[in-house]
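Work out the full structure: start from the sequences and follow the hints.
Protein chains: 2
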Amino acid sequence: MAETSFPPVSFDTHPSRYVHWGLSVEGAVATMTMRVQEDRPMWPGYELKLNSYDLSVDIELADAVQRLRFEHPEVRVVVVTGGYDKIFCAGANIRMLASSSHAFKVNFCKFTNETRCGIEDATRNSGQTWIAALNGTASGGGYELAEACEEIYLIDDGNSAVSLPEVPLLGVLPGTGGLTRLTDKRKVRRDMADLFSTKAEGFKARDAVKHRFVDGSFPRSKWADGIKARAAALVAAAPARDAKGFALPAVVPTTTADGFVYPSVKVVIDAESRTGHLTILAPTDAPSQTADTWSLRAWRELDDALLRLRFNYLDIGLLTIRATGDAEAVLAHDAALDDGSWFATEVRHFQARVLRRLDNMAKSLFSILEPGNAFAGSLFEVVLASDRSYMLADDEGANRVRVTAASAGRFPMSSGLTRLQARYPGTPAVIEKVLGEDDWIDADRAEKLELMTLTPDSIDWDDEVRIAVEERISLSPDALTGMEQNLRFGGQESCDTKIYGRLTAWQNWIFQRPNAVGERGALKMFGAPERAIFDYRRT
Amino acid sequence: MAETSFPPVSFDTHPSRYVHWGLSVEGAVATMTMRVQEDRPMWPGYELKLNSYDLSVDIELADAVQRLRFEHPEVRVVVVTGGYDKIFCAGANIRMLASSSHAFKVNFCKFTNETRCGIEDATRNSGQTWIAALNGTASGGGYELAEACEEIYLIDDGNSAVSLPEVPLLGVLPGTGGLTRLTDKRKVRRDMADLFSTKAEGFKARDAVKHRFVDGSFPRSKWADGIKARAAALVAAAPARDAKGFALPAVVPTTTADGFVYPSVKVVIDAESRTGHLTILAPTDAPSQTADTWSLRAWRELDDALLRLRFNYLDIGLLTIRATGDAEAVLAHDAALDDGSWFATEVRHFQARVLRRLDNMAKSLFSILEPGNAFAGSLFEVVLASDRSYMLADDEGANRVRVTAASAGRFPMSSGLTRLQARYPGTPAVIEKVLGEDDWIDADRAEKLELMTLTPDSIDWDDEVRIAVEERISLSPDALTGMEQNLRFGGQESCDTKIYGRLTAWQNWIFQRPNAVGERGALKMFGAPERAIFDYRRT
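Respectively, the protein sequence lines represent chains A and B.
So for the first sequence, this note's numbering puts the first residue at 254; every next one is plus one.
So for the second sequence, this note's numbering puts the first residue at 254; every next one is plus one.
Mixed in with the good hints, there may be bad ones.
It does not matter which identical chain is used: a pair holds within one copy or between any two.
The calculated lysine to aspartate or glutamate pairs, modelled on DMTMM-like cross-linking and capped at a C-alpha distance of 20 Å, are [what the hints assert, rightly or not]:
hint, residue 1, residue 2
1, Lys701, Asp460
2, Lys497, Asp538
3, Lys519, Asp545
4, Lys339, Asp460
5, Lys701, Asp523
6, Lys339, Glu783
7, Lys452, Asp716
8, Lys475, Glu404
9, Lys440, Glu700
10, Lys438, Glu403
11, Lys475, Glu685
12, Lys452, Glu724
These are computed hints drawn from the structure, not numbers from a lab.
See below:
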């Protein structure tokens, strides 16, 4: 079923099963220790030397970022450090990158970006401040990981350095946040950023501090105490938090004859039409503050389904998205998240991250609204995230949607805009009108409010939807990805969108060029005795 | 000398020699009529059917945009229309694109973007409002050109349409502003933009007006009068302007044994080291309000040199930039542009556009400051635009620079930031200090102000510069382009930077993909009886 050139990826893991990371929690301080097992790569064919990472390492990190927020709300500071002497992390594994398909590289980078933006989200929205304790050299993706932290400390041992050697050594970019965060987050002078990013050996502690590549350094003798003191200071400055964490159970789909399912999310794969049909089931339970409440469980299922669709179903170009069941129950679950509690806040932020994952799918998204649909409140954001929405205009009033305050700012996109703002750029009057609707909205009204792309009647419905799907899947997948990403992110940009839409997009360009991936390209030749051979024409 | 796969490009033209455009001026209204000569492409190998354009067509347009500002300041409205029946413009010529090198496509798109941003700049800063009078179908780049205008009118003849058929017909993007301007400038709903951009036949007048793809339409019987009336209304609403235009003489370099020169700009090509040495000569004349005054003439020479370096010297990866002569004379010329006159305003905006052209070079830029340098005032912006700056720390005080109010907002980058803001992101105190310097700044002081990347003394100077150049030109040209563009444009984005840095960058990715340019790619197969064959995996 999975039409990929590598085994299907699973995102299910747990600290007890981490291979490459250690997670320990002592009071308000968690420590994430990277100790990559060289001989346990995700797939055979490369060794994870020098604490370099592949997707399996990043899946564990993403899991930890998530769990810390739900399972350890008492944590105020997360120290990320390395488990080996002299090296913190050498970045993404080059052999893995050089042997990966273009599509995998792109998906890998996107997931890495999401995890790092998730680290910043944890600091911003949960007050869990991540600090990087670089106990040895951090190069490439290793330093980029550090940049995702709020503060970076580097051991001053006369040897350890921070560096971005991608350009000089590999002929590619520090493309998962590295360049953008230097200037836009860390406020490094751009000529100094240029010098740094072309200097393979990077900067040791003194110069790194001087030019703001790190925030501080400690000699080896004071290293452990220095980091500990800084963590303690941050804890002391953090507001108190009254919350009790709970365990997040595993989210694993069941494979079916034609796809995979979770309790509240179903995916049917139609390989022939290169279309995935994703259905979200509305709650059947009353809201509760547990891991099993629909607002959390179903959204975790959706998150997992999106990731699996990305990595394991490259041939699927289009997702139709439906929501079925009791729309009122969705609203009840949304309302239960209005109480300002720690639980409610975390769940809302999680839902926001899932929606941002949806925005970043390299697949066309069509919402399909038929009688009995449950697109109300938080689920209506899925419609707004879609490239197009088709709503059947029935005469019975059974097909309707509901827009609530959930669309007014609860779920910011990466750009900081709401999805209504991104969908109706520069027309605040339309948005105001939509948010002012205090009732269920049928297809006629939705058409008037410009809420749906098309609202065919029952005579045209089947043909309209069928033709729209057929047309979509016939188009160039590359052109669609480019078009959709450009149209989805209208209006303002942020550090996050600049990373995804500009920095990583330029990397995708470079990742295809013979100067990187050709037989004598720098990425292919890395570690070989001969030098790479470049076509020096600049474009 | 020119290491390209096609004949050197010249940007020198004049309305009297236009092949593809007619420019007429009647009072305050200019009309640009596109009547592309099918049998006069820039190079043999394709025919410019259906008013499609190649670089030669765009060079004439760029020339007209420029001349209108200097030669016809009385013009308040520019109507751009087509010279053939039923078709306004079919966009960039597909055969030309399909047969061009990747580098040429990228340079061609960049130049087209600059011209279109120049049209918007003319409206914004010179009050010359461009309106598109689409007398027939405008598709692809034809509609993108219309989007660069402030208003778009489409003939309602039951046949003519606006469309962006790149995605459905060619497997590429409307990548020179098309998608970004739909949402960010024209405020089209993004799902409607999606529908439009995948619908090869586009929208005729009624739907196009309804969804804001055009601003109005007139039936054939009222077409000429309708456009005339709209132009007259815009003229009537425009503020009066007291200015007398003057002719812009040709700017053509003289070829030398090792490069090309103009009266105030010299370019020496060192093919072996893939380095171009560009020197700007400070004024030797007193300021005047004529076409020959240094502020205008020398900057036009610089503009022309940059364009020639882009198109005709692909192998040159690095530009060293020097300025020599009387720095006080530069300041005198700058001061002469402070009088608020029409002339001064136009020249300042022109200089700003030249500096933006410099920001957009796909070549590394190193400023080299030696004793006698003339980097003061407006020319200091060239230093700030550079990726790095090297200043010799001499003991004589003969090597110095001067930062003036010219760096405080006279020359906005595409992002809207000043180059000081882009260079020192988020550190307003540093910028304030720099702008507060009321005297000449020597290397020591420049180092303290963080104004220079490096300030070697005379013992180290030669080696430092030589090694920096050698290292730079050894690196992957693709990685450098990606890195430099990311670092040069830190901070906020604008519609312009989104077009260059995101939309067109995604196009550059797609332009390399087999789905577009492979033997069975859509761009290659366009017009052939067989359909394109796609690898449908989405990335």
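Going down the list of hints, with the structure as the test:
{"no.": "1", "hint": "Lys701 <-> Asp460", "verdict": "between (61 Å within a copy, 15 Å between copies)"}
{"no.": "2", "hint": "Lys497 <-> Asp538", "verdict": "neither (22 Å within a copy, 77 Å between copies)"}
{"no.": "3", "hint": "Lys519 <-> Asp545", "verdict": "within (17 Å within a copy, 72 Å between copies)"}
{"no.": "4", "hint": "Lys339 <-> Asp460", "verdict": "within (18 Å within a copy, 65 Å between copies)"}
{"no.": "5", "hint": "Lys701 <-> Asp523", "verdict": "neither (33 Å within a copy, 64 Å between copies)"}
{"no.": "6", "hint": "Lys339 <-> Glu783", "verdict": "neither (28 Å within a copy, 59 Å between copies)"}
{"no.": "7", "hint": "Lys452 <-> Asp716", "verdict": "between (59 Å within a copy, 17 Å between copies)"}
{"no.": "8", "hint": "Lys475 <-> Glu404", "verdict": "within (18 Å within a copy, 66 Å between copies)"}
{"no.": "9", "hint": "Lys440 <-> Glu700", "verdict": "between (46 Å within a copy, 18 Å between copies)"}
{"no.": "10", "hint": "Lys438 <-> Glu403", "verdict": "within (9 Å within a copy, 35 Å between copies)"}
{"no.": "11", "hint": "Lys475 <-> Glu685", "verdict": "neither (57 Å within a copy, 37 Å between copies)"}
{"no.": "12", "hint": "Lys452 <-> Glu724", "verdict": "between (48 Å within a copy, 9 Å between copies)"}
Violated hints for the displayed structure, listed by number in ascending order: 2, 5, 6 and 11.
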